[in-house]
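Based on the sequences and whatever the hints tell you, model everything.
Residues per chain are reported as follows:
Protein chains: 2
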Amino acid sequence: MRIDHIGIACHDLEEKIALFERTFELTVVAREVNEEQGVKEAMLHIADGEGGGSYIQLLEPLSADSPVGKFLARRGEGVHHVAFGVPDVSQAMEQIGAKGVRLLDERPRHGSMGSSIAFLHPKDVGGMLTELVQAAEGR
Amino acid sequence: MRIDHIGIACHDLEEKIALFERTFELTVVAREVNEEQGVKEAMLHIADGEGGGSYIQLLEPLSADSPVGKFLARRGEGVHHVAFGVPDVSQAMEQIGAKGVRLLDERPRHGSMGSSIAFLHPKDVGGMLTELVQAAEGR
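As given, the protein sequences belong to chains A and B, one line each in that order. Heads up, the numbering used here is the position in the first sequence plus 575, with the first residue counted as 1. Heads up, the numbering used here is the position in the second sequence plus 575, with the first residue counted as 1.
Honestly, the hints are just simulated from the structure, not real lab data. Every value quoted in this text rests on a predicted model; they were computed, and no experiment measured them. There are no misleading hints in this set.
A pair holds if it fits inside one copy or across any two, identical chains being indistinguishable in the list.
The calculated lysine to any residue pairs, modelled on SDA-like cross-linking and capped at a C-alpha distance of 25 angstroms, are:
| id | residue 1 | residue 2 |
| --- | --- | --- |
| 1 | K674 | E600 |
| 2 | K615 | D699 |
| 3 | K674 | A593 |
| 4 | K674 | H620 |
| 5 | K674 | R597 |
Structure below.
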């Protein structure tokens, strides 16, 4: 339905928030710590769309051995993943899984701003770590 | 105004078009060869937005020594750049350049589907090669 967000890995969340606010005149609409994923993050709103908005998501790892921490050590700062908005994440997982794409999650988990999310294996979608996002009701 | 597109570098354009069409039920709306940038490409439509649409852009290099060819050799397949839609690319270049972000283009050049585009230096925007896009009138 939409490009929900682009997740960008960074070393210093506050510095990058300031950079993106200044450069692109975006505004932070949510900040969260996601212990399960080992990140603290901020969502900067770009536009509204069908079923939810479009955002830049800035991600700072909580530790060096988290997935985003390892990504930074290996690749440096930059695009970590891309997220597509779907109407129903469970249904999308089923449909996409049936096409032979490996899912990194067996069931939906908690994403930013109350969303339900699941990740797809990057090797099965063109080398891009891909997230499916069902936005929370009313977002 | 919007996330215009995510540019994904790949070795085999036709194979990746088939993968994205099958996996995400997207449709190719434009194919082009851009000799200046050394790529052949396809745009897969995701959604419409303010001032233009949102797309996945698949990029296959025309030669190994083109920018996308070198990217593939260094990093493999995956996200090559991210593009933001702006109302006026010349004005956006001026405003963003005035904030100390280096521009890779001195003036707008031709992008996909008749758009006018310019690139920003990835080091100045969080490690992400960033494109500004002014969509062609009526797209």
